[in-house]
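Trainee: These protein sequence lines are chains V and D, in that order.
Under the numbering used here, the first residue of the first sequence carries the number 26, and numbering increases by one thereafter.
Under the numbering used here, the first residue of the second sequence carries the number 26, and numbering increases by one thereafter.
Because the hints were derived from the structure by calculation, they are not lab data.
The beta carbon of each residue, even a glycine, is placed where N, CA and C say it ideally should be.
Among the clues, some could well be false.
[Unchecked claim] With beta-carbon atoms standing in for the labels, derived distance ranges:
(1) D:Gly70 - V:Ala381: 51 to 61 Å
(2) V:Pro116 - D:Asp362: 37 to 47 Å
(3) V:Gly426 - D:Val76: 54 to 64 Å
(4) D:Val76 - V:Pro116: 22 to 32 Å
(5) V:Arg248 - D:Glu142: 41 to 51 Å
(6) V:Arg391 - D:Asn40: 52 to 62 Å
(7) D:Cys49 - V:Phe305: 38 to 48 Å
(8) D:Val76 - V:Leu85: 30 to 40 Å
(9) V:Arg248 - D:Gln84: 42 to 52 Å
(10) V:Ile318 - D:Val76: 49 to 59 Å
[Said to hold, decoys possible] Non-contacting residues of chain V with respect to chain D, defined by C-beta distances greater than 10 Å in every case (computed):
(11) Lys53
(12) Asn73
(13) Ile271
(14) Ala309
(15) Gly326
(16) His377
There are 2 protein chains.
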Amino acid sequence: MARIVQKFGGTSVANMDRIRNVACLVKKEVDAGNQVAVVLSAMSGVTNQLVAYCQDAAQLYDPCEYDAVVSTGEQVTVGLLAILLQSMGIPARSWAGWQVPIHTDDAHSRARIVNIETDQILSRMAAGEVSVVAGFQGIGPDGRVTTLGRGGSDTSAVALAAALDADRCDIYTDVDGVYTTDPRIVPKARKLPRVTYEEMLEMASLGAKVLQTRSVEMAMKYRVNLQVRSSFEDIPGTLVCDEEDIVEKEVVSGIAYSRDEAKVTLQGVKDHPGVAATIFGPLAENNINVDMIVQNVSEQGHTDLTFTLPRTDLPRALDVLEKIRTVAGYRNLTHSDTVVKVSIIGVGMRTHAGVAQKMFSTLAERGINILVISTSEIKVSVLIEEEYTELALRALHTAYGLDVH
Amino acid sequence: MARIVQKFGGTSVANMDRIRNVACLVKKEVDAGNQVAVVLSAMSGVTNQLVAYCQDAAQLYDPCEYDAVVSTGEQVTVGLLAILLQSMGIPARSWAGWQVPIHTDDAHSRARIVNIETDQILSRMAAGEVSVVAGFQGIGPDGRVTTLGRGGSDTSAVALAAALDADRCDIYTDVDGVYTTDPRIVPKARKLPRVTYEEMLEMASLGAKVLQTRSVEMAMKYRVNLQVRSSFEDIPGTLVCDEEDIVEKEVVSGIAYSRDEAKVTLQGVKDHPGVAATIFGPLAENNINVDMIVQNVSEQGHTDLTFTLPRTDLPRALDVLEKIRTVAGYRNLTHSDTVVKVSIIGVGMRTHAGVAQKMFSTLAERGINILVISTSEIKVSVLIEEEYTELALRALHTAYGLDVH
Numbered sequence: 026m027a028r029i030v031q032k033f034g035g036t037s038v039a040n041m042d043r044i045r046n047v048a049c050l051v052k053k054e055v056d057a058g059n060q061v062a063v064v065l066s067a068m069s070g071v072t073n074q075l076v077a078y079c080q081d082a083a084q085l086y087d088p089c090e091y092d093a094v095v096s097t098g099e100q101v102t103v104g105l106l107a108i109l110l111q112s113m114g115i116p117a118r119s120w121a122g123w124q125v126p127i128h129t130d131d132a133h134s135r136a137r138i139v140n141i142e143t144d145q146i147l148s149r150m151a152a153g154e155v156s157v158v159a160g161f162q163g164i165g166p167d168g169r170v171t172t173l174g175r176g177g178s179d180t181s182a183v184a185l186a187a188a189l190d191a192d193r194c195d196i197y198t199d200v201d202g203v204y205t206t207d208p209r210i211v212p213k214a215r216k217l218p219r220v221t222y223e224e225m226l227e228m229a230s231l232g233a234k235v236l237q238t239r240s241v242e243m244a245m246k247y248r249v250n251l252q253v254r255s256s257f258e259d260i261p262g263t264l265v266c267d268e269e270d271i272v273e274k275e276v277v278s279g280i281a282y283s284r285d286e287a288k289v290t291l292q293g294v295k296d297h298p299g300v301a302a303t304i305f306g307p308l309a310e311n312n313i314n315v316d317m318i319v320q321n322v323s324e325q326g327h328t329d330l331t332f333t334l335p336r337t338d339l340p341r342a343l344d345v346l347e348k349i350r351t352v353a354g355y356r357n358l359t360h361s362d363t364v365v366k367v368s369i370i371g372v373g374m375r376t377h378a379g380v381a382q383k384m385f386s387t388l389a390e391r392g393i394n395i396l397v398i399s400t401s402e403i404k405v406s407v408l409i410e411e412e413y414t415e416l417a418l419r420a421l422h423t424a425y426g427l428d429v430h
Numbered sequence: 026m027a028r029i030v031q032k033f034g035g036t037s038v039a040n041m042d043r044i045r046n047v048a049c050l051v052k053k054e055v056d057a058g059n060q061v062a063v064v065l066s067a068m069s070g071v072t073n074q075l076v077a078y079c080q081d082a083a084q085l086y087d088p089c090e091y092d093a094v095v096s097t098g099e100q101v102t103v104g105l106l107a108i109l110l111q112s113m114g115i116p117a118r119s120w121a122g123w124q125v126p127i128h129t130d131d132a133h134s135r136a137r138i139v140n141i142e143t144d145q146i147l148s149r150m151a152a153g154e155v156s157v158v159a160g161f162q163g164i165g166p167d168g169r170v171t172t173l174g175r176g177g178s179d180t181s182a183v184a185l186a187a188a189l190d191a192d193r194c195d196i197y198t199d200v201d202g203v204y205t206t207d208p209r210i211v212p213k214a215r216k217l218p219r220v221t222y223e224e225m226l227e228m229a230s231l232g233a234k235v236l237q238t239r240s241v242e243m244a245m246k247y248r249v250n251l252q253v254r255s256s257f258e259d260i261p262g263t264l265v266c267d268e269e270d271i272v273e274k275e276v277v278s279g280i281a282y283s284r285d286e287a288k289v290t291l292q293g294v295k296d297h298p299g300v301a302a303t304i305f306g307p308l309a310e311n312n313i314n315v316d317m318i319v320q321n322v323s324e325q326g327h328t329d330l331t332f333t334l335p336r337t338d339l340p341r342a343l344d345v346l347e348k349i350r351t352v353a354g355y356r357n358l359t360h361s362d363t364v365v366k367v368s369i370i371g372v373g374m375r376t377h378a379g380v381a382q383k384m385f386s387t388l389a390e391r392g393i394n395i396l397v398i399s400t401s402e403i404k405v406s407v408l409i410e411e412e413y414t415e416l417a418l419r420a421l422h423t424a425y426g427l428d429v430h
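Same shape as in the complex, but just chain V (with noise of 0.2 Å):
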């Protein structure tokens, strides 16, 4: 006997079949002696209508009552599944949020979790009945309805996972694991069927947007089991798991890349200490996440800064730079909104030279011109022009032996 926590995305419960279907492969876990708590997300497209309505009432509006509106989806499916539960005899009862309690701080729309009690949930799932969990939602400490943001159920589901000490927490979902890359663009792409907590971080904050990358962070601290599978085929998935638990390590293990990109360069930065902060604290300031970073080296006391930021952020980070122009020091600004971030990940480039060599190398043979780089310890991105993603995605997977044989 174990205990599991299964999530099901928007997609996997978008419909009365499909949640039909949710509660077969609950009904399956149950079957097999195991103690289950589910937590879903809402029908797809319910919470964007959600989102909308709050839009279309007020362009800045209140996030507690943003919460209190956009919470409502899931409230709806974990009811409906605890119906479907107990039609097939299975004892069952849906938690709101706010029932649990899941704890969260005050962060309205964007809330982390505290803490969640756990007390009678685990009463309830030793006595038999399967806890259907609301993500996403959480209660404030002002005792008003909490959301995590979006994609935050993944996240509900490992800190719940956590909370209970489960023995697995898998995330279903439409795609059916963690795959070397996007299998639309690189039709070699193979399916991992293990990947480390490290890895799954840095390809989510990377846009291969499988899993919540807090969600990650959570269950790398806490060690949760997690599996990444699909709710519509019955076959395995990935397993994000720890360092030591895979044996056969790639040195580049994935090939991610994300489109969501903008390119600012700044000409003829005067170079004296404390300029960053001058450009960077502006930005900051104005909620601009800027990303990549590179300084050239200095000519007579100027130097030129490139750095890239989210594309739909660009407009916004212009009117920044125009307005803070002359204090910055800068003669001329250039800005595209044309490149992509590819990047190669790997644990096992801690322990591999030449690992970005070969990337820099296989990128140049195809006439790709590299504009700005970036390495962590298991990850080197470089932005390219968008018109070469699917050519530098194929040769790069090529390269590192990823290609299914």
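Given the coordinates of chain V, work out where chain D should sit on it, guided by the hints.
Mentor: Here is chain D on its own, set in the frame of chain V:
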């Protein structure tokens, strides 16, 4: 300065434009210096959709889960109205039933309000904040969400008005008041400026679906100053009030009708003590609500028994009656679902003679046969063939001097 509860039904909050209109109607009361609490229904159609989901999930669904699902519609509208009010510069916050809290009994899906804790809301209203409260819902002794039955938002509003000791409870709806009869059938129907609680109660229970019956009972019990008015037109509505507050009382103030009727006649029932219990006991056990009952005089120890019940319950009632045929000992059963109940209502009946007689003669003059008669202190109801509905309503409306001049 007055303390006011405003209630808006589903058609009044059917979409964002309508909710904006509601915000303006709330603003008007705030601008007039009043303390305002608002009670909302779900967007029209939403609750029906949620109910359909539950019915789709299982024929016999857990009412606790049903409540968890169907209570979400109101949580959406209250959040959206709070956002709109805030955007107009009016302090406002939404309240789910469990947050107020509105305590109910544990009769899920048809719960009754036990107590409303008003401390929080009263102090916030005193501080100038509009309280936007989700109608139709509360929290049971088990800590789970309850709902009050269809149309329950009227009851929420009246209960809140009573608990807050409000000066007025305005029920905004898609009709502009209570009419002497259905204006779609009788073009000469008049809007009543005032109607007594007792009359409103009879009208509500007889199918004039302006207010939920329970809300009128509660308004009468707690002497809540109730007004029915249009959310689309700024014209006076109908005040539901004490008899003493109506100066010119009509003998008959309204004519109601209900098509939701079926008639059953049992012929040749053995006439002995206890026979009624033998027949009506099993019907009651099956939750079939028998309304009018007439028993003819006994002939040679046998009698005919006619009674009415809700049309939707007829098939189940026939089942029950077939099963008890032997013990009930009736010779023959006939039934009809093409009957309608027409009622004249007026507190003036208490002090006037010949009111019923005028009804009978008016119908007789039109050749309309009366199948069953039942009377109460302020009401006379007759059962007639459905095809005569319009003819009967118009004739009675004229006979009792209700036609618009």
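Trainee: Each hint: holds or not?
Mentor: For each hint, the structure was consulted:
Distance hint check: the CB atoms of glycine 70 (chain D) and alanine 381 (chain V) are about 58 Å apart, consistent with the given range 51 to 61 Å. Against the hinted window of 37 to 47 Å, the Cβ-Cβ separation of proline 116 (chain V) and aspartate 362 (chain D) comes to about 40 Å, which satisfies the hint. At about 56 Å, the beta-carbon gap between glycine 426 (chain V) and valine 76 (chain D) stays in the expected band of 54 to 64 Å. For the hinted restraint 22 to 32 Å between valine 76 (chain D) and proline 116 (chain V), the CB-CB distance of approximately 24 Å keeps it satisfied.
At about 43 Å, the CB distance of arginine 248 (chain V) to glutamate 142 (chain D) agrees with the hint of 41 to 51 Å. For the pair arginine 391 (chain V) and asparagine 40 (chain D), the beta carbons lie near 53 Å from each other, so the given range of 52 to 62 Å is met. Here the CB-CB span from cysteine 49 (chain D) to phenylalanine 305 (chain V) is close to 45 Å, well matched to the stated 38 to 48 Å. Checked against the hint of 30 to 40 Å, the C-beta distance between valine 76 (chain D) and leucine 85 (chain V) comes to roughly 35 Å, which is consistent with it.
Under the hint 42 to 52 Å, the C-beta atoms of arginine 248 (chain V) and glutamine 84 (chain D), about 44 Å apart, fit the expected range. Checked against the hint of 49 to 59 Å, the C-beta distance between isoleucine 318 (chain V) and valine 76 (chain D) comes to roughly 55 Å, which is consistent with it. Residue placement check: lysine 53 (chain V) keeps its beta carbon more than 10 Å from all beta carbons of chain D (closest about 19 Å). Taking the minimum C-beta to C-beta distance to chain D, about 14 Å, the non-interface status of asparagine 73 (chain V) holds against the 10 Å cut.
For isoleucine 271 (chain V), the non-interface assignment is confirmed: its Cβ lies about 41 Å from the closest Cβ of chain D, beyond the 10 Å cut-off. Against the 10 Å criterion, alanine 309 (chain V) stays outside the reach of chain D, whose nearest CB is about 28 Å from its own CB. Residue-level check passed: glycine 326 (chain V) sits 50 Å from the nearest beta carbon of chain D, beyond 10 Å. Its beta-carbon lying about 53 Å from the closest one in chain D, histidine 377 (chain V) satisfies the requirement of being farther than 10 Å from that chain.
Comparing the model with each numbered hint stated earlier shows that all of them hold.
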